[in-house]
Amino acid sequence: MIDRRRLMLTAAAAGAVPVPAFGSATAFPGAMGWAASTPGGRGGRIIRVTTLAGEGPGSLRAALEAEGPRIVVFEVGGIIDLQRRDIRVSNPFLTIAGQTAPEPGISLIRGGISLRTHDVIARHIRIRPGVDGAAPKSGWEVDGLTTSGAHDVIVDQCSFSWATDENLSASGPRFEGGATAEQWRQHTSRRITFSRNIVSEGLSNASHAKGEHSKGTLIHDNATQVLIVGNLYAHDHERNQLFKGGVHAVSANNLIYNPGNRCMHYALNASEWGDHPWEVGQLSIVGNVTRGGPSTRADLPFLIVEGQGDLDLYALDNPARHADGRAMQEIGVISDREPKIRRLNASPHWPAGFEARPSDQVEAWVFSEAGARPWARDVVDQRILREVRNGTGRIIDDEAEVGGYPVMAETQRPFVEADWDLPTLTRKDGAPG
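Residues -27 to -1, 1 to 406 (mature numbering (1 follows the signal peptide of the UniProt record, and there is no 0)) are what the sequence shown spells out, left to right.
Hints listed in this document are in silico derivations from the structure and should not be mistaken for laboratory results.
We treat Cβ as the ideally placed atom computed from N, Cα and C, and that holds for glycine.
Possibly wrong hints are sitting among the right ones.
[Claimed, not checked] Have a look at the derived ranges for each label pair, beta carbon to beta carbon: (1) Asp248 with Ala373: 42 to 52 Å; (2) Gly364 with Asn318: 27 to 37 Å; (3) Ala319 with Gly376: 40 to 50 Å; (4) Glu155 with Trp338: 33 to 43 Å; (5) Ala404 with Asn242: 44 to 54 Å.
Could you build all of it, start to finish, from the sequences and the hints given here?
This is the structure we're talking about:
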């Protein structure tokens, strides 16, 4: 396994790159998973976002595309219109501190963020791409946030909705870097934490070229050391979450409401693997709560195993019920080759120090902490949570069906370094943001 710390320090000694402080401390209080100790932009320069413009000096795009370790803070709040141009982040050691923005915080529309690097922390931002009037099947295909071959990434307490592809994903090449699975795993997304996010209302029959495409989260083939914890999935037709072939992941303490055609899902598709030997997936699914809703099909199982690959499965304490109170079938299989599902008595992969909560604590925890700026949620997140509580709402095709893009006035407030603990980007006075 690559020693990331040694590699970065060697590069620094050669004058190639400044390196943030490494250590045993977590990225911020409550950080979880294999990525929990990433430094992000710790020790780097502070870049202030001072405009809501989609590009140019002082913009979020300029800050995320900058080089070197950096902490991105906000002196402006409101809507950033990306005008159908995603932001691609290629330079490592980055902290996006959405909690520093003045109310109403930062919301991105008409585009998303692609992380193609390492050591990134993203917190308290909202990404709502939308169909933006595009014609059905016209090819406007946009993720909310995706990692592509990235590692040591934490996406925590953010809100994602209205993507026309996935709302939130960890992806990358399947088979680069050599001939072995270990080599492949060093070239796709790994050491990823998606924690305490709201992942809602992926758009169904919208502008994706394939047609129906309301998708929550995709974890791509051979991604490893992935933790998905404390998230709310609501009104996503499929991929609540989808784990592809050979994935090593833990899904714990998520609340899933109104899944349509797929809830949790594992699939290794032989046609995608070609001549490569199939890898056994290894999943730990613990303490998740699933509740059917108006769009949930009547015979939906909690977990679907599809395709040709075998699966090692540790599953514990995952209550799942339809809207009428019926228990969901635990596992359904869709395959022309019956995959072997080996039930394990212990997790094959578990993040050090992580403790899953009992399922009876999950709803209260998720309602309290999930999504961007839970102390002052926007109208979209407020509505989603209300629908989850009341058992209402449905899967949609267009953001216009639920009021369209939010309207927020621009606000401004200077970022005062002395008010913040810069290593963790928490306020010294204990206030949330």
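Structure-based check of each hint:
1. For Asp248 and Ala373, the hinted distance range of 42 to 52 Å is satisfied, since their beta carbons lie about 46 Å from each other.
2. In this structure, Gly364 and Asn318 meet the distance hint of 27 to 37 Å, their C-beta atoms being roughly 35 Å apart.
3. Between Ala319 and Gly376 the CB atoms are about 46 Å apart, so this pair conforms to the stated range of 40 to 50 Å.
4. At about 35 Å, the beta-carbon gap between Glu155 and Trp338 stays in the expected band of 33 to 43 Å.
5. At roughly 48 Å, the beta carbons of Ala404 and Asn242 sit within the given window of 44 to 54 Å.
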